[in-house]
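Student: These two chains come separately, so use the hints to put the complex back together.
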Amino acid sequence: MSKKRSFLQVAENIASLTGCSKATADMFLKTAFALLADLIQDGVKVKIKGIGTFVKTDNADEPIMYIPDKSLSDTVNLPFSSFEAVELDDMVTDDLFEAEIAQINEGNDDVDVGVHVESRCSVQKTIVDDEKIDVVKTETENPIFENTHNDTAPAIDDTTAFVDEIIDECGQSEAQNVAHNDSDEEMAVSLPEENADYIEDKNTHGIRLPIFIISIIISMAIGFCAGYMVKVIMENNALKEHIVKQQAQIDSMLTNVAVTDSLVAQAGNNDTISNNLPDTSKINEPTIDRENSNVKFDKIKTNRFLTTMAREYYGNMNFWVYIYEENKTMLGHPNKIKPGTIVKIPPAEKYDINANDPLSVQKAEAKAVEIYSRYQN
Amino acid sequence: MDNKEFIAKLAKKMSREPKDVSSLMEGLAQVFKDSLSNLESIALPGFGEFCASKEDEIISVDHSSGKRYLLPPQISVSFKPSSIMKRRVTE
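Residue numbers (numbering that gives the first Met the number 0), protein chains in the order written: chain D, 0 to 376; chain X, 0 to 90.
Any given hint could be a false lead.
In silico contact screen, one side only, chain D against chain X (beta carbon under 7 angstroms); selected entries [said to hold, decoys possible]:
id : residue
1  : Lys-3
2  : Ala-31
3  : Val-45
4  : Lys-48
5  : Ile-63
6  : Pro-67
7  : Glu-86
Some chain D residues well away from chain X (every beta-carbon gap over 10 angstroms; in silico) [as the list claims (entries may be wrong)]:
id : residue
8  : Thr-17
9  : Ala-36
10 : Lys-230
11 : Leu-253
12 : Leu-330
13 : Thr-340
Derived from the structure by calculation, the hints contain no laboratory data. Cβ atoms here follow ideal geometry from the backbone N, Cα and C, with glycine treated the same way.
Extracted from the complex, chain X is given alone in its bound form (with noise of 0.2 angstroms):
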């Protein structure tokens, strides 16, 4: 499923227009991206946590020249589910 059938959906669901829908879920993105570059989590009861957490630069080996690399800090995105979001799909 992609953007457009889950706005769809969702439109559908919050009974409203689905370009509302799509406007929220721009809003939600954008506060997605200002959170997570300030590193800060953001936190769902009942869904999970989106965290944030830098990367320091590090050095990296080619082994097949023996190459060494400098790879630049980054800062990597991930979901931890709540306990209920995992029981959910488990069962």
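If we strip away everything but chain D, and leave its shape as in the complex, we get (with noise of 0.2 angstroms):
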């Protein structure tokens, strides 16, 4: 329930202000309201300053127009004159309005709450309350302010009880006027609703944005582990290609065993091509004669080296050079030969090879001073 201040309070108070009796502060009151009343059942525009401007009006329900005078307005409005319309971004929702409204009408019953939509009217309009009629009938038959020329103030004492009762169904209407807003509480309703398309759509819009870009950033991780799996593949596919066409060398030496047996067979009895020929139980992948029959080929591994195949073929380890000089385009340090590397082993005639001769061993050992000194810068 809002404060009220009575009539006696309001007389006490311009006595206080303007420095005359109760008695007179009491008798202007009256007379001058009294008069205001005639003036407005004459149907005279009254503007009185600092109160404001009353005109009859023709409407049954809001017989008397008020228009509060604007010094009034402003002196009244005054804490929040500082305040101006504000543009409102995207971010802020109708609904952090309705939650702050609601906690400050938690707080203060005393207040009347409006929520607008529309701009609000300056013209405050008047409010009638029809049940008042009935009550005020039997109380009020002569009106207190008949006697305006009376200059004593009349008795307070016995008006007191009828103001206050008069006061009392004033009050009541306040309580109702609320309600009768039905329209505007209509357009309130209308309107937000029409708004929460638009609100909401700037909700979600402002919403797709962070997960648009976080979409883009997993399907860009996703990308890069892809092609690094291609990739692996790739390099894994092109090694399992090296070993098959490897395999595939050595399934072709391994096909010409049959072809060494046989020629193995018609040589027979002839020394120089048993003694050229390897000892086969020491080589599991023997040497192949192509088109010519005095070219070998033979294979590096763990146990068998160079100098093995240039002691086997050539009856001294030390004419390993010349298979080395034969292989060199493909073989690097002579003593960083990989195992499985096959070599050719050329004919002794080629490098004029004799075990037998001091002169070719001393020969063969310079060509390995020759051939380590290439590696030595």
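Tutor: In structure tokens:
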């Protein structure tokens, strides 16, 4: 319930402000508002400085139109004078304000709260309480302000109870006024619904952007992982192909075993051929005779080196240099030949290889020094 | 009728000097300002009640531009005539 200042309190305030007596202030109040009531009843538009303008209307529901004086409105709204209308961005929603207003209402029951979606009307229209007519009829046959020419103050005590009763009746209508604004309430309901889609679109738009960015980042990460896996798979395939080629090479060598055996059988008692032929018990993969019957191939193993082959083919291990020279394009350092490497065994005549000739051996040793010297730089 | 005319007529009725009545009117206006600023209504029997109500900040939409504005709160002053007054005016 809002506070009310009674007639007597107003008179006391006027007396204290102006320095006059309470009786004078009382009489002034009664006379002033009685005159104002007469003028309004006669249809005169009255403007009172500091209070407002009163106009009689033909509207039965609003017989008196009241426009508050500008100075009064400004003084009353002085606490809010520094505030101005602010344009809102999309992040601010109506729900925030409704919640805040609800909190304010819980803390202050005396304040009338109105939520207007349309612009406020500066003209204050009066509200009529029809129910008070029957109540007042029995009480007020002689209005208080009839004796306006009497300077003496009437008996205040006699009228106090009557005044309070009328004030209470007036106060009852105040609670009903809030419910009278049906049209405003309907508009307040309809407009938020109209804006709901607009607000919802704005909210969803604000959420979509981060989701879109995150989805892009995830897809890029998946792309990088997929590309790396493809690269690994391709490398594995290349390695497999190399292994397959090597295996094919070995298989081709193995398929010629039957040819070699047949040659051995045909050679029979030929010592040259039998001496030149390697010991099949030592070689798991026999040499292959190609177009030139003197061209042989052998395979480096962990227990089979160039020196081993030289001793076997040429009778002296120092003649490894000529095997190296024959295959130097694919061999690196003579001490770092990988096992599995297939080397070509040149014929002895090509390099004048003779194990029984010391000069040939010395020449081979000198060749070895020369070969090692290539890798000293 | 403006304020001057009203004061003159009131002074004549009260048989007082217009400047005295003017000071009383100023006092009355000040009481109105003090009371309504504190959201206190003023009840005048036989005439009506002057009420002050606070309207909270609201969000208003400009449908032409689609922009939303936060309007600050304000206190509105209204007048409710008494039943006596209403009867006098409508008769």
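Student: Against the earlier hints, flag every one the structure doesn't satisfy and list their numbers going up.
Tutor: Failing hints, ascending: 8 and 9.
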